[in-house]
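Letter by letter, the chains look like this.
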Amino acid sequence: MKEYYHSVTLRKDKCRGCTNCIKRCPTEAIRVRDGKARIIAERCIDCGECIRVCPYHAKVAVTDSLSSIEKFRYRIALPAPTLYGQFKNVDDIKVILAGLKKLGFDYVYEVARGADYVTAFVREALKDPNRKRPLISSACPAIVRLIQVRFPELIDNIVDVDSPMEIAAQLARTEFCEKHGVKPQEVGVFFITPCAAKMTSIRNPVGRKESSVDGAISIQEIYGPLYNQMNNLKEEDVVQMASPFGVGWANSGGACLSLGIDSYLAVDGIQNVIRVLEEIEDEKLTDLEYFEGLACPGGCVGGPLTVENGFVAKNRIRKLSEKAKGNPVSEKELQEVAQKIQWRLDEKIPPKPVMKLDDDIVEAMRKMEMIEEIYNSLPGLDCGSCGSPSCRTLAEDIVRGFASELDCVFKLREKVKQLAQEMIELSEKIPGGKKENERQE
Amino acid sequence: MGGNNRSIEQVFYIKAGDFASAGEASSQIKKTLKQLGVDSGVVRRATIAAYEAEMNLIIHSIGGELKLKVTPETIIITAEDKGPGIPDIDLAMQEGYSTAPEIARELGFGAGMGLPNIKRNADRLNIQSKVGEGTLVEIYFDIKAR
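Residue numbers (the numbering used here), protein chains in the order written: chain A, 179 to 619; chain B, 301 to 446.
No wet-lab data here; the hints were simulated from the structure.
Calculated pairs, DSS-like style, for lysine-lysine (alpha carbon to alpha carbon, straight line, at most 25 angstroms):
#, chain 1, residue 1, chain 2, residue 2
1, B, K444, A, K310
2, B, K315, B, K367
3, A, K201, A, K190
4, A, K534, B, K331
5, B, K334, A, K310
6, A, K310, B, K419
7, B, K331, A, K201
Make the full structure from the sequences, and use the hints.
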């Protein structure tokens, strides 16, 4: 059960069985069966692409409600830097942080500060010449899962530094508990998320045993209440700690920029990331030191759970980051942090080669032959009317036993035509004509 | 059922100078090998070799065939063309040696790493060539038992 927890789910009542999501899913994880979409759990990487493209809002991300923070005596908010770009006329990040405190959080810790530490750890990792190049950022959970599913050969390239969210969560909890003398389990740490995959990585982390985060509240959910709080603010004791670079992580390329290295590549949009990962896998980008792949267009600012247009938000982040007051992480500070928390991804990231046809290669070959044969008999239009994203996937689904050839509307039409023809022929063979025949049978 | 005699074969026709389609055959080969559940390291090596062989057909030959054959034990990638043939195979195997025409070099190819790269990634390699008749490159990969 735990294995396949997903934040992205279907609201069946809203689904009309159209082909938008099946066509856009990067891991071919959605099918329409009996007029409704179905997500194949072991293939879904929670990238949220289907949430973005569904015209009927039938795809949703399950996140925690704002009221769920009440389960804890003390509450900490971890705002993703993307949150900063959602509001008009905000020229100081402090206003947003103070607004969060007014909403009922006892402490606010910027994930952007966590990003500052991640930058420092990754910079250390890049000094090690024995590591595989390019190092691949672990920050986008959808990309980490994409690599598990489609590029298992690149798992060892993923840098073993945990995400800004996990690092921020641990530091926030430790600092809060030390300062106020409370027990860690009394404190609820909540990530304010633009992203469905982050929710999944809290419930079902990759590369670590357990998440340090207790829940995730979507930016969409918190936007209204937070906006109201920001309108009637008095002085709050908040400190804005993240550096301009940390804040810039919300935008694609932000992580690379903060590393201060020359040979990096930042790519956003999951289909674009796939194209580049193919090239990395084929060793065509050998001079690359670091790769940052983000599933959403523009980076986290383009997340499916945001309110503001990603491009507008991106520009605001750019401006706000210039005013961010935090300092870069010093070497001494980094050593202290390294002692205090578990910053390394210490669990092996397992491959999930769900695209393979069978564990046994002989059986896989047999299936491939059958797929080829069926595929050649299909029209090759990739219309999606059968509920599979393409003719080839329909052929695969038939061989895997999840679909039949008559799911293809063209095949069905052929069959109907053929049956009609047979019926005419049969009726002509019956002595005495049709009427008599109808009475007999 | 068929057991060890089973094999998968795919043939791709490669046109000389067709840089627009470059890499399509090798990426299809990669997809096939992944679907068959071949070890990801072997897939990677086979794809790199297939890509180099495909590029060689585009750059150097007058066109030919790239063939994938998979048996439960072995992957064989074959590149076969009808000319012009390699005059000195030993020389062609040297890193940095290239006879790529200007048009290929302008596109960033022709660094003289094609055949050496194939050799580096292959488990076994067989090259036969006759000037005026053509070239046959057979690249073998062992599929390790998991």
